[in-house]
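Peer 1: Going down the list, the sequences are from chains A and B. Per our numbering, the first sequence starts with residue 1, numbered consecutively. Per our numbering, the second sequence starts with residue 1001, numbered consecutively.
Hints are supplied without guarantee of correctness; some may be wrong.
As the list claims (entries may be wrong) - Output of the computed footprint for chain A on chain B, the stretches with three or more beta carbons under 8 Å from beta carbons of chain A: (1) 1028-1037; (2) 1150-1160.
Unchecked claim - Straight-line alpha carbon distances no greater than 30 Å define the calculated DSSO-like cross-link-like pairs of lysine-lysine that follow: (3) B:K1122 - A:K17; (4) B:K1126 - A:K23; (5) A:K23 - B:K1122; (6) A:K23 - B:K1088; (7) A:K42 - B:K1126; (8) B:K1165 - A:K23; (9) A:K23 - B:K1069; (10) A:K92 - B:K1165; (11) B:K1088 - B:K1184; (12) A:K23 - B:K1059; (13) B:K1126 - B:K1059; (14) B:K1184 - B:K1085; (15) B:K1184 - B:K1126; (16) A:K42 - B:K1167; (17) A:K17 - B:K1015.
By construction, these hints were calculated from the structure, which means they are not laboratory data. Positions of the beta carbon are idealized from the N, C-alpha and C atoms, including for glycine.
Chain residues, written in single-letter form:
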Amino acid sequence: MNTEEDLLDDFMRDLMKESGLEKAPSNFTVAVMSQITAETAKAKRIAKPFISLRGWIGIAASVVVTCIAAIMTLQPSTRELPGQQQVENAAKGFNSLFANLQFPLVLVMSLMAIALLFGLDQYLSRRKNISL
Amino acid sequence: MEVPNEAYHIERVLKGDTNAFALLVEYYKDLVFTICYRITKNAEDAEECAQDTFLKAFKNLESFRQEAKFSTWLFRIAYNNAISKQRKLKLEYQSTDERQVQNVSFDDTESGLNNLGNAQRKHYIKLALAELQGEEANLIGLYYYNELSLAEIQEVTGIEVSNIKVKLHRARKKLSVILQRLLKDELEEIL
């Protein structure tokens, strides 16, 4: 850099130091932090599921345990459960698609219950998010 | 140019202490606002740009690599924000006569400024900076005020070092030309 350039360089440094910074509005930090707080709260509310992952694992585990216990211990009963006939018919129809596969009634009902709970969870979560 | 215990405050924010971020905002607000202002040339747009910068920084703090300087990372967000805002606003700048830029002598500018009081000097410097293109004004600010190295300016702006040198050289001369013109106008008004 030649002398002229050096002088111009020093001159510019002095100018810029003298001009200083533009001042942000006095309520700037408060405005930013309130936006951040709102964003954080919103993110927390949206991210929180109606039934947590742990809850779902618990439900699935208890259903599986119940199914196994039912298959291993329950004897065929003469008493009919409410809607058993319809479920059996549906299961038969389903079974006819897979002739070689047999689904125990308890398993079918459990799967339907899980699907219903999952659907309800999704529906309620969506409604909750929309209402935010 | 760093908040004391900056890494500690960033760590606190990452651990969920939102209030720790307020300290970073308070420290960097004017620096970020200035970057936005020099490009958008408008206080309202600059405020929006600066707020958006801090929001983005907060949301993406996890992606910040601690080995880099937080200020450089933050300035890059601000710069990119301001540039995209400028593109939306389609700002136009006054062109400076090339011959004047080539033949400028800063001696005249310096002596002209020395005849003014502090407040007036500051006023004219700000006016001249406002007439520079946003990118040029920012390069000058980052280099001379923030004292960033050319490599750091490259990190902030994404412009090659060789290109930064050329742009800085031109911006210095243009600023000098603009200041000379402003001071001449002032003198003519007085006379």
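Peer 1: Each of the hints needs a verdict: does it hold here or not?
Peer 2: Each hint tested on the structure:
| no. | hint | in the structure |
| --- | --- | --- |
| 1 | 1028-1037 | holds (count 7) |
| 2 | 1150-1160 | violated (count 0) |
| 3 | B:K1122 - A:K17 | holds (10 Å) |
| 4 | B:K1126 - A:K23 | holds (13 Å) |
| 5 | A:K23 - B:K1122 | holds (14 Å) |
| 6 | A:K23 - B:K1088 | holds (24 Å) |
| 7 | A:K42 - B:K1126 | violated (41 Å) |
| 8 | B:K1165 - A:K23 | holds (28 Å) |
| 9 | A:K23 - B:K1069 | holds (23 Å) |
| 10 | A:K92 - B:K1165 | violated (80 Å) |
| 11 | B:K1088 - B:K1184 | violated (34 Å) |
| 12 | A:K23 - B:K1059 | holds (24 Å) |
| 13 | B:K1126 - B:K1059 | violated (33 Å) |
| 14 | B:K1184 - B:K1085 | violated (33 Å) |
| 15 | B:K1184 - B:K1126 | holds (16 Å) |
| 16 | A:K42 - B:K1167 | violated (44 Å) |
| 17 | A:K17 - B:K1015 | violated (37 Å) |
Violated hints, in rising order: 2, 7, 10, 11, 13, 14, 16 and 17; the structure is consistent with all others.
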